[in-house]
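These protein sequence lines are chains V and Z, in that order. The numbering of the first sequence is our numbering, which starts it at 2 and goes up by one. The numbering of the second sequence is our numbering, which starts it at 2 and goes up by one.
Calculated from the structure, these hints are not laboratory results. Each hint should be verified, as a subset may be incorrect.
Note that identical chains are pooled: a pair holds if it fits in a single copy or bridges any two copies.
Listed below are the simulated SDA-like cross-link pairs for lysine to any residue, each with C-alpha atoms no more than 20 Å apart in a straight line [stated by the list, open to error]:
#, residue 1, residue 2
1, K103, S72
2, K47, R35
3, K47, H28
4, K103, A65
Quantities reported herein were computed from a predicted structural model and do not represent experimental measurements.
There are 2 protein chains.
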Amino acid sequence: MIDENFDEFNPELAEKGAGGELHQHEHRQSVINRLARIEGHVRAIKRMVEEDTPCPDVLVQIGAVRSALSSAGRLILEDHLQSCMVEAAKEGDYHQALRDLKNSLDKFID
Amino acid sequence: MIDENFDEFNPELAEKGAGGELHQHEHRQSVINRLARIEGHVRAIKRMVEEDTPCPDVLVQIGAVRSALSSAGRLILEDHLQSCMVEAAKEGDYHQALRDLKNSLDKFID
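The following block holds chain V by itself, in its conformation from the complex:
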């Protein structure tokens, strides 16, 4: 699920990336915009079904939304590793944060 462009976890880079301020989510606005587009895309697919668009065309669009959701999720994960996990490490909560992340990844990555 994680493609080859996904950077390895590097706390030093993460701190620089956030310009000294931790717990910043670099892709926060991009994720919000993507989710807004995905919401519109799902609404359009519902309309396709209501208008009896050929099933194969509907399936292609459902696949596209699923891919878009995966991409948005990858950005959230990237931000999480670059900021929240670094902050947790600094505060001594890294192991708990890692347990939380692993639990959610079991559900995110199928």
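Following the hints, complete the assembly by docking chain Z onto the known chain V.
Okay, now just chain Z, sitting in the frame of chain V:
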């Protein structure tokens, strides 16, 4: 992607299932309802990101929406095999319909 409850293609059953009328989509309304719920779910996830909900919780919800989309897609596929493909076979368009379906499945099943 297709689970064990997915019925095998059976044109005879399909004809009976549609009560004599072909090109009926048994799950049409269910698919529309599911897509409406998915749309609301995506909107709720966008709100979670706007409200800075912990990333692992957001990832779990994205995984849930992706699963819901797959389920809706499976219902569309089931209806397609039970009605559109049967109709195509009767009209002598089965091979073209099969080509269209295979192309879309390449995009739907990743």
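Problem - Violated hints, by number in ascending order, as checked against the structure - result: Checked against the structure, no hint fails, so every one of them is satisfied.
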